[in-house]
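Chains A and B, in that order, are what the protein sequence lines are. Residues 109 to 316 in the working numbering are what the first sequence spells out, letter by letter. Residues -15 to 48 in the working numbering are what the second sequence spells out, letter by letter.
The hints are simulated quantities; they were obtained by calculation from the structure and are not laboratory data. A virtual CB, placed ideally from N, CA and C, is assigned to each residue, including glycine. Any given hint could be a false lead.
As the list claims (entries may be wrong) - If the Cβ cut is set under 10 Å, some of the chain B residues that face chain A in the computed set are: (1) Ala1; (2) Tyr3; (3) Asp10; (4) Ile11; (5) Arg13; (6) Val16; (7) Asp21; (8) Ile22; (9) Ser26; (10) Val42; (11) Val45; (12) Gly47; (13) Gly48.
Unchecked claim - Here are the simulated DSBU-like cross-link-like pairs (lysine-lysine), alpha carbons at most 35 Å apart as the crow flies: (14) A:Lys240 x B:Lys12; (15) A:Lys272 x A:Lys180; (16) A:Lys129 x B:Lys34; (17) A:Lys268 x B:Lys25; (18) A:Lys313 x A:Lys128; (19) B:Lys25 x A:Lys240; (20) B:Lys12 x A:Lys128; (21) B:Lys(-2) x A:Lys240; (22) B:Lys34 x A:Lys313; (23) A:Lys272 x B:Lys34; (24) A:Lys268 x B:Lys12; (25) B:Lys(-13) x A:Lys240; (26) B:Lys(-2) x A:Lys180; (27) B:Lys(-13) x A:Lys128.
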Amino acid sequence: MTRNEWYSTLEMRHGAELQKKFSSASVAVCGLGGLGSNVAVSLARAGIGTLCLIDFDRVDISNLHRQQYTVKQLEMYKTEAMKQTLSCIAPFYNIITHTTRLTEENLSLVADCSIVCECFDNAECKAMLVNKISECYPDKYIISACGMSGLHTNNTIQTKRLGKKLYICGDGTSDINDDTTLFAPRVMLCASHQANTVLRIIAGKYEV
Amino acid sequence: MVKINGTELDITDKSVAEYIAENNFDIKRVAVEFNGDILPKSHYETTMIKDGDNIEIVSFVGGG
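So that you can see chain A by itself, here it is in the shape it has in the complex (with noise of 0.2 Å):
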């Protein structure tokens, strides 16, 4: 496959315009774990130019149940699995990895991103994300997630805007605990509410 089959098949589904739009657009995935490597995945089929995939984490064997690692990327940083799996994809995009924590400090990391999708598990750190993505950098996109554990409806999982630029893609309550555990089709429900977000947010489209 040549770099021409591919953008000119893409331009057949899409149309040149909207591939253009995807194809000079620059996207922060930070966390690759359940949300965030079935982001990278649906962004990088979609044709996105540009991925920046943050992730400080080793693929380990608990990661299987819900996330785009096969057994082989076992022990691999998920930044370097991940560029492994979209390089199979989309091999003629740009994929630009930081095998790093982000915080409040390295925020920068994101910088020439217009779209940042917050993929954390953590929700202090998704707060911090988030509250410091609109306060810093006030003219990105933030895609963020919330609430997506448990056996639940796929019916609750939804996408809610605040603000002119924050998205929160989930049920907005379904905490994990002791009780409760992540599974695979309700998480990707909800990375694809964001995926398709983004997507949307590419092609002008703000409104949910």
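For chain A, the structure is supplied; the task is to place chain B on it using the hints.
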């Protein structure tokens, strides 16, 4: 009246920080939309809730 998370409330003389503390929100897990904009955390103590305000408080939960 003030609308907080869709509910009309009669609140006066209270800052956003005070409301959060008094209503069992964990300040490390919240984001606040205040009249259409995301309110910086550094403004929670100085932003007073007044009649006509529309506030959404998101309390993040774990999982991802």
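Query raised in the report: Honestly, which of those hints from before does the structure not fit?
Result: 1, 2, 15, 16, 20, 26 and 27
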